[in-house]
Amino acid sequence: MRKALVVFGLIALNAWAQRLIVAQGTDPITLDAPLAQDSPSATVVTHISETLFELTPEGRIVPHLAEGYNFADGGKTLTIRLRRGIVFHDGTPFNAEAVKFNLERFVSRELASPFAFLLSELDRVEVVDPYTVRLRLKNPFAPILAHLTHSSTAIQSPTAIQRLGAQYRDNPVGTGPYRFQAWQKGQYVDLVRNENYWGEKPPIPQVRFIPVPEGTTRVALVETGQAHVAVRIPPQDIPRLQTNPAVEVVRTPSLRTIYIYFNTQRAPFNDVRVRQALNHAVNKEEILQFVLGGIGRISDAPIAPGIFGYAPVGRYEYNPQRAQELLRQAGVSTPLRITLHCPTGRYFQDIQVCEAIQGQLRRVGVEATIQTLEWGAYLQETQRPLRENRIQMAMLGWGTVTGDADYGLYPLFHSSQWAPGFNRAFYKNAEVDKLLAQARISTLPQGRQQLYREAMNRIWRDAPWLFLHSEVQVTAIRKEVQGFIVHPTERYLAYKARFR
Amino acid sequence: MLSYTLRRLLVAIPTLFGVVLLVFLMVRLAPGDPAVLLAGEFATPETLEAIRTRYGLDRPLVEQFALYLGALLRGDLGESARSRRPVLEELKTYFPNTVELASAAILVALLTGIPLGILAALRPGSGLDLLVMVLALLGVSMPVFWFGLLAILIFSVELGWFPVAGKGTLAHLVLPAVTLGVNATALLARMTRGTLLEVLSQDYIRTARAKGLAERVVIFKHALRNALIPVVTVAGLEFGSLLAGAVITETIFAWPGLGQLLVGSILARDYPVVQGAVLLVAVTFILVNLLVDLAYAWIDPRVRYD
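If you're matching them up, the sequences are chains A and B in order.
In terms of the working numbering, the first sequence opens at residue 1 and continues consecutively.
In terms of the working numbering, the second sequence opens at residue 1 and continues consecutively.
No wet-lab data here; the hints were simulated from the structure.
Nothing here was measured: the structure is a model prediction, and the numbers come from that model.
Glycine included, every Cβ here is placed at the ideal spot set by N, Cα and C.
Misleading hints may appear alongside valid ones.
To be clear about the criterion: a stretch of chain B counts as covered by chain A if any three or more of its residues have a C-beta under 8 Å from a C-beta of chain A, and this derived list gives those stretches [as the list claims (entries may be wrong)]:
(1) 47-59
(2) 73-85
(3) 150-164
(4) 181-193
One chain only, chain A, in its complex shape:
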């Protein structure tokens, strides 16, 4: 019996030895790139449909379907030269017309893509010749290249979109290293290698994505070899996995930053010394160690590494004496009673982090009451305009989805973006405003980096946030698989992977 099982098992093993199985948290929602919001959808889309530019896992922006580009007209015109000889999986040629079709569809109100904002500066698209396309912008906008790396801007086959209409989302056609094969809803998405791929062909001929909501179940799948990769491993399962010689536990930074913002327009947090005091009063090492189980990276800037423009700008050392001194200088009489808003279950260990902070603040005479709300209600509370806004401090997270500092800083710290925009701290600093605006126009990468460093230095000193940490993705990968990429944008890429 046992022998028969082993033999059967070996046959089964051989049958899918050619197929890589990746266990994600959920099924994709849609495979139409501009509508794919969640990581599982974006992950599958990325294998099928490609973008004009690519954000490397190291945070560099490089041409992909584009071959080269240049800015003109003071940064208001972007001309992109396209790679030649590429065809979509259905045989449609990839060219300037296809790009124009896709970009116009992307910003159309009819489609209502949640990512339409990425190209909100786009005025019109012109076809210069079959392999050159020109983007006319409303204003000079340097982050446009970064925005064109976002998986939602992937270029898809115009003929397939027109032919299939609403059915396209279930039958995507791109230029990517894998082509779509089948999607059994709730069970698996199957991809096969694109044998005509223009770039380096993927070593593994077939990839299957399976949705497995429960983290421990994902781990069990990898332990038993029924899946090769499991994403988002729950911390309690890490020690057990690490003793398993067949599995490697990989930690990769994510572009998502977790922070607690202050309402900088109202007492007591309109005094920078109070905000700095709280930054000194919180022991981030302790939180990382004991609340996050080591899964995270203490922030040293408002954005995370892996983002274009990131540079470390500081640390608020844990120093309760300094915190008390600053509070005294600010004329705050202790105990200071405040309310801390916190989501539950939205971010990794969110409420537990808040509770730890509550305990630590008590040591410097700050009595925080934690208030939680369901996520929908929470968002609504935090985005009220200043006049109606009652929040003093609240935890939020920000994923810089474009991988460009502009998107990680401008919406959050520019004074034109006050809530209901994303600047929920109601932060205002004329210098920062100027720097962020300049970095948008400047088309020289080095210049932009310099401007962002300057802006982040000031933001760091002004402390509109209680800076916490950025997230780390924990992935379990079986050792027989090499070269599997966990991207900081929370996508998982199989096309460089190979079986040992």
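Guided by the hints, dock chain B onto chain A, whose structure is given.
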């Protein structure tokens, strides 16, 4: 019988209307702007506006309800705001899987719960009886979540007997069906034991034994037939709640059922899908109830519906 069935179906209409209204109000009166959740955290005001128009969220509540009801009468459940697929298509994809899982679970419960209950009732106070009752207590009080994960760790990871999760072969069905059925099994075992003991103490059983019938005939022909009537009711209702309540089991075993669809839709405030799924569950519940009542008449000739 036919007129009874028709009457019951007619009565179901106001019930369903109530369900539709209640779900409609509940999802809308919950705090938070659904457009924000649908459009994602990063959407601009223009995108939000476009989404509101697309799903009619900018219209007065009464108008939204009238539109929804009108479409519903035409058999149109709307379009999922997340996937933009017709809700009916989504339900058709996921519901059969839930029915499959719930059927397997209730089968497990019937095939193990009832025999265990009978065994216990035939030897009241014995060691076997005690064992069955302890197991039943455990089965009722054990959290499904914990039981499911334990089952995976023992039977898949350690012993390698069954696949960990997903749907495919019959082997994939075993662990989730047992996990989902464990509460119902325990409940049925207790019910069967209790009612059978009660019936066995009745006068007509004493009569049957007195006239020298074989014990087997007494138990199976006289006692069990009566004892099982309430058990059928409970089994029917349990089946209904298994259909509605497979959420946790489906999550643990990555089973592609309605529970998975529903959880994701609630979190994203995908109104059309939430409404459609709850409506489907309500209809199923009403139908199952009706079938249980009809099954009564079949089992117990004294019951007549006219």
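Flag every earlier hint the structure violates by its number, smallest first.
4
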